[in-house]
Amino acid sequence: MENSLFQRTEKLDISWCPGCGNFAIKASLSNALTELNLKPENVAIISGIGQAGKMPHYIKVNGFHTLHGRAIPAATAVKATNPNLTVIAEGGDGDMYAEGGNHLIHAIRRNPNITVLIHNNQIYGLTKGQASPTTLISTKTPTQPWGVFEEPLNPIALAISLNASFVARTFSGNLEKTKEIIIKAINHKGLSIVDIFHPCPSFNKLNTLQWYKENTYFLEDHDVTNRKKAFEKSLETEKYPLGIFYTCEKPVFEEVVPPYISEKTPIWKREPNLEKIEEIINLKRS
Amino acid sequence: MNLEKEVSIVLGGAAGQGIQTIEESLTKILKLSGYNVFATKEYMSRVRGGINTTEIVISSEKQRSFLKRIDLLVTFKKGVLNHLKDRISENTIILGEKENIDEEFINNKNIIDIPIQEISKNIGNVLFSNTVGSGIILGIFDCDLELFNKYLEDKFSKKGKEIVDKNIEAAEKGYELGKKILKDLDLSLNIKKNEKINNEIILSGTEAVALGAAKAGCNFVSFYPMTPSTGVSTFLATHSKDLGIIVEQVEDEISAINMAIGAGYAGARSLVTTSGGGFSLMCEAVSLSGMTETPVVIYLAQRPGPSTGLPTRTAQGDLELALYSGHGEFPKIIYAPGKIEEAHKISQIAFNMADKYQVPVFVLSDEYLADTYYNLSDNELETLKKENNVVKTSLDYKRYELNENIVSKRGIPEYGEGIVLACGNEHDEFGDITEDIDLINKMTEKRNKKLDLIKKEAIEPEFIGNETYKNLIVSWGSTFYLIKDALEKLNLKDTAFLHFNQVYPISDSAEKYLKNAEKVINIELNYTGQLGKLLKREFGIEMNDSILKYDGRVFAVEEIIEKIEKVLRE
Ligand SMILES: Cc1ncc(C[n+]2csc(CCOP(=O)(O)OP(=O)(O)O)c2C)c(N)n1
Ligand code: SF4
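Those sequence lines, one after another, are chains R and D. With my numbering applied, the first sequence corresponds to residues 1 to 286, in that order. With my numbering applied, the second sequence corresponds to residues 1 to 570, in that order.
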């Protein structure tokens with residue numbers, strides 16, 4: 001069941017298809033926010049473009065529906081401008097791994113304290129069924145009529161190889177586990193990447209609800225601090241492991257940038273330091 | 001030989017030879033000695049070798065434009081004289097060692113052999129050549145050697161006493177040589193020193209923009225390095241801790257501008273710095289700023305294109321790129337400061353206007369303005385009030401409220417009780433996606449109507465000349481002083497000058513000036529005459545003549561004089 005604090009009360013024109021996994025992700029996310037005792041005005045969801053990118057319109061928090069692939073840079077900046085906000089970057093697999101792939105890689109290096117939720121339906125939804133970077137080999141689509149031949153991107157292995165701060169994968173079909181993982185991701189200090197498998201009944205006829213149930217399992221007794229082991233697990237494709245693969249502690253972007261080293265006031269609240277500027281100008285006299 | 005009122009000194013050498021170090025020390029000491037100074041450089045896109053030159057003009061009255069004429073030339077490398085042959089006249093005094101003189105010039109009667117290397121080696125290292133060179137110039141111009149010694153002490157104290165002492169020795173040897181040259185050549189210098197100048201401020205176009213941004217409360221800068229824009233970010237990065245500005249070098253330009261817009265959404269005053277190719281990558285996000293009504297300031301320092309063009313040269317070729325950047329229709333503001341003092345002021349205005357109208361705002365500069373510097377008095381550096389338009393939200397807050405104000409109030413997350421939903425898709429008042437015909441019309445009108453308000457606040461073009469004129473020269477951006485000085489020297493009674501510091505939207509006040517002219521002539525550093533085209537678009541006025549240059553070099557005052565004379569004779 002979805003909790004009410006983050007429910008939009010007015011009637012919404014939700015554009016997700018019936019039976020889509022996005023609904024379940026939304027429920028897990030609102031429940032996670034509730035359990036974290038957050039208030040709508042203290043949370044911001046920064047999304048890209050795609051069906052997944054519409055999340056800020058269906059949940060009651062601050063939101064910025066940005067450009068395809070660009071949620072992560074925008075979210076990084078939102079967090080740095082106001083570190084008191086809980087910031088979530090959200091988008092589809094096309095959004096985060098194709099158009100925004102470069103930003104994901106560099107966000108891992110930069111390590112802002114934000115949570116990245118990737119709705120991974122292994123297909124492009126909004127643009128009607130083209131292959132995404134995670135579409136499996138041989139899948140036929142309207143734009144890949146002879147079947148995809150490219151090796152799918154392994155976001156989990158990629159993130160672990162880059163020593164990302166928090167790496168997890170879950171499945172929308174398991175609301176409870178997804179909620180728990182989202183809670184841990186938000187609580188984790190540093191960049192948290194959560195890849196969320198979810199069925200797209202409209203365009204992905206291969207990776208159905210049933211397929212995900214049969215082809216995934218949740219990790220048990222897994223040491224999340226063991227990077228080698230996590231990497232090994234990330235390579236499994238016979239059945240895809242779910243759960244938290246790896247976490248580590250690293251300096252956080254908005255804590256190490258110079259303005260925040262000794263002063264914690266969010267930068268948006270600060271006024272220009274005219275005296276200091278005058279000092280700098282005075283150096284130009286001699 | 002007489003050197004009156006202003007002397008143009010050019011130093012030439014290879015990249016990595018320290019011309020920039022000399023430029024820095026000389027301009028400082030000459031200014032501290034009471035001379036007005038102006039400096040600008042031209043350089044190649046390489047780290048070592050090639051030929052780079054710096055022009056330093058010393059003058060009695062403030063002289064702020066690039067001169068073709070060279071009075072005193074110091075060469076540190078063979079090839080420099082050939083490189084500058086168009087600028088060398090029979091009056092140019094050339095200082096240099098034999099091995100740095102090109103064959104063509106060997107018999108030039110004005111060559112003075114100066115044993116810089118020998119002196120440096122005697123002191124212990126050829127590396128002291130820079131200091132010897134500076135010493136010579138300071139000797140010729142009767143500057144205070146003590147000032148230079150103090151400068152060297154400050155600069156090299158970290159490297160130890162020996163290095164300081166050797167540099168001071170090098171300075172003294174150079175200085176003596178300078179005095180001797182002055183005597184041997186029987187030079188009569190007639191440039192007045194003015195005590196007031198000692199205390200003035202030397203700023204480059206780059207520094208002026210950076211400091212202006214800081215005064216305006218800029219607190220978030222994201223960028224990907226690209227010459228000639230990088231200097232602004234570098235400068236702010238150096239002071240980021242003191243000034244409370246986040247300055248982040250990111251993975252690419254797309255990230256840079258999307259970060260800046262994200263920061264703006266959260267309440268920062270954000271800036272991106274870039275040049276042509278980098279800005280091309282940003283265009284989609286300019287449109288995001290327009291649609292979501294999120295302020296962002298874009299410092300676009302032009303260089304010649306297309307593609308990577310001429311990385312270190314100058315041009316005014318990106319006016320149309322900025323003007324038409326971003327898909328769809330939405331207002332934007334484009335400033336093009338013509339002077340360093342104005343760059344400082346306009347970069348403050350840019351943040352206030354971006355904040356007030358919630359639109360992308362451009363500060364169009366170029367390599368020439370960025371790399372030029374001169375001394376300024378305190379009252380030339382204005383500090384404007386930071387205007388703040390962010391509101392505290394209430395529970396029923398709507399980000400895109402439709403009302404008679406056109407510009408809806410900008411709330412930001414966590415400031416007040418409301419929810420702030422910004423959206424790059426067409427949206428309703430709250431920020432939710434819409435396809436509703438009525439709303440689409442209203443939102444489109446709301447966004448675009450801002451342009452009328454912005455236009456009312458447009459900076460009026462600067463008019464110089466008699467009210468009764470037949471010819472009107474029009475220009476924009478960094479060529480201001482070049483044209484002004486050229487016109488002063490020409491002293492034409494029937495020719496006036498109209499300079500645009502804001503190129504979009506253009507103030508209506510421009511129309512009467514344009515309509516009053518029999519002949520309008522645009523002067524621009526591009527091939528197609530982009531301001532001319534824009535003026536035609538806005539006011540239906542055709543340029544009667546165009547003076548255009550597109551070889552990557554700035555106009556020299558002499559060149560403008562020649563070209564104006566030619567155009568007016570036709
Ligand atoms: C720059 C740009 N290129 C292309 C598009 C078109 N586009 C919109 S959504 C999308 C992909 C959607 O797939 P995904 O990100 O996986 O999200 P989903 O709809 O499946 O949730 C594309 C290519 C766009 N909006 N912007
Ligand atoms: S297209 Fe697919 S992913 Fe998108 S809403 Fe419909 S079912 Fe869900």
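It is possible that part of the hints are untrue.
Claimed, not checked - Listed next, the in silico DSSO-like pairs over lysine-lysine satisfying Cα-Cα at most 30 Å (straight line):
#  : chain 1 : residue 1 : chain 2 : residue 2
1  : R       : K284      : R       : K189
2  : D       : K515      : R       : K284
3  : D       : K155      : R       : K276
4  : D       : K442      : D       : K470
5  : D       : K442      : D       : K515
6  : R       : K264      : D       : K356
7  : R       : K284      : R       : K269
8  : R       : K60       : D       : K392
9  : R       : K184      : R       : K39
10 : D       : K5        : D       : K28
11 : D       : K159      : R       : K276
12 : R       : K39       : D       : K470
Read the hints as simulated data drawn from the structure, not as lab findings.
Here is how each hint holds up against the structure:
1. K284/R / K189/R: Since the Cα atoms of K284/R and K189/R sit roughly 42 Å apart, the hinted pair is violated (cutoff 30 Å).
2. K515/D / K284/R: violated (43 Å)
3. K155/D / K276/R: Holds. K155/D to K276/R sits at ~22 Å (cutoff 30 Å).
4. K442/D / K470/D: violated (45 Å)
5. K442/D / K515/D: violated (36 Å)
6. K264/R / K356/D: holds (27 Å)
7. K284/R / K269/R: Answer holds: K284/R to K269/R is near 29 Å, not above 30 Å.
8. K60/R / K392/D: Cα-Cα ~18 Å, so holds.
9. K184/R / K39/R: holds (17 Å)
10. K5/D / K28/D: holds (19 Å)
11. K159/D / K276/R: holds (28 Å)
12. K39/R / K470/D: violated (68 Å)
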